[in-house]
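Build the full structure now, drawing on both the sequences and the hints.
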Amino acid sequence: MFSELVKVNGYLVQAFSICRRQVWLLARGVTAEQSNESLALGRLVDQNSYARERHQVGFGDNKFDFVQGADGELVVCEVKKSSRAERSARLQLAHYLYDLQKAGIEARGVLMFPTEKKRVEVELTDALKAELDCVYAEIESLAQRNVPPPAEHCKYCGKCAYAEYCWG
Amino acid sequence: MGKTLYLLSSGSLKRKDNTLFVERVGEKPRFLPVETTDEIMVMGELDLNKSLLEFLTQKQIILHFFNYHGYYAGTYYPREHMNSGAVILAQAAHYTDEARRHKLASTLIVGAIENMRKVVAYYQRRASLDVEDILSDLERFEAMAPQSGSVPALMGIEGNARNRYYQFFDRLVQDEAFKMVERTRRPPSNRMNALISFLNSMCYILALSQIYRTHLDPRIGFLHETNFRRFSLNLDLAEIFKPILVDRLIFSLVNRREIQEKHFEKETGGGIYLNDRGREIVLRAWETRVNETIEHPRLKRNVSYRGLMRMEAYKIQKHILDDTPYDPFVSRW
Ligand code: SF4
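Sequence order for the protein chains is X and Y.
Here the first sequence stands for residues 85 to 252, numbered as in this note's numbering.
Here the second sequence stands for residues 7 to 339, numbered as in this note's numbering.
Source of the hints: derived by calculation from the structure; they are not laboratory data.
Keep in mind that the hints are not guaranteed to be accurate.
Below, a list of computed lysine-lysine pairs in the DSSO-like style, where the Cα atoms sit at most 30 Å apart [unchecked claim]:
| hint | chain 1 | residue 1 | chain 2 | residue 2 |
| --- | --- | --- | --- | --- |
| 1 | Y | K324 | X | K239 |
| 2 | X | K201 | X | K165 |
| 3 | X | K243 | Y | K9 |
| 4 | X | K239 | Y | K185 |
| 5 | Y | K306 | X | K165 |
Laid out in structure tokens, this is it:
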């Protein structure tokens, strides 16, 4: 029944390391209530930090937070409101770098956590690329499933925009 | 969560830059917060223009209109902002599959009757009423629902259960001025009927506004027949909440004498309606009621009744997506 081809983007990659159910919901276009408090906070941090240098750049099916270029070097930055989900944020950024590389563009990545005044460098290693290839394959097969994976309580549920949806 | 705005008196509503601006006779004009407003209830006369409607669409704010008597007239339901082909397909497929539609419709009725029983049982304890006969009939209707052969048969059961349930109203309410005798709709023939009609429509609207927050199409109901010209899914959803929200509110308004004979008016057509003052009292009580919170056992968070309605809509969405089977909300009291 589901013929639309899923476009793997940064959101899906990030969701993948948080919760499989969320991947399915996102892939089907089932979005969460936007007035969830933590989402609203995310948007606020996004709008007010680094106001001077920030650009939203669309590339393929991704949207980068901003791209800095000093000395001809390309730097993709991803702004997050906390380092709670740092691992997933790394994967998301690596995915951007990978997509750019496939198009012949080499870039460096930096994760930024303005509320914690923290920066983390991300480099696209072979190991990260291999991990991403697996992630893509799994996202595709997840999205093809007719039924979403059942909700399972995890540490992200409490702050997840889908909480009302999953636990109602 | 966003707020509901009630415009009870006449005036005009405009867009001014990025805000809403309301002007009313005898009142100071004021700006309305657009980011925290979900819906606007228009009771009085209102001047508005297309640029306002475009702005409301952009901000995803719904407008509900009522006529002079407080009767629901219609809704400006902005273009869907939540689009999911998967959900619409599933909803339509669920509607056309007779067996699956019947299953969901009967679950809705079972939930509705269970909530009626909760209300009756609550007052049986509190006011030591003799209502065993009504309770056992309701139980019988509830058991019949899943066994019925078709959706029209289900509607029949629902109608019978509700008629029986309404008999309980006159046993509970002692005030002669608020006897219902029988349920009449267009027009309501007495005060109790007027109260029920008015608040039921508030319940339908609440459901509609919450459905707007989901990917469901409000025109495809399961219990109430779909004809694509009207909203019907919100009627389904409201069945679950009417006993808990509407009926209990009526009992408390009447028993505490917050609503009295003087709050009604007779119209030339023979109907009885709430007057301006009465409507205001009822709406205030309604707004307080739907914002009341209860602790949600699974979400482990306090949720308002308004939020519960939204979650109920999510549950229907999950049901049709074959995610989690629908299990209606049943009041604990
Ligand atoms: S609430 Fe929990 S189970 Fe549901 S999508 Fe979010 S993380 Fe996954």
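May I ask which of the numbered hints given earlier this structure violates, with the numbers listed in increasing order? Those not satisfied come down to hint 4.
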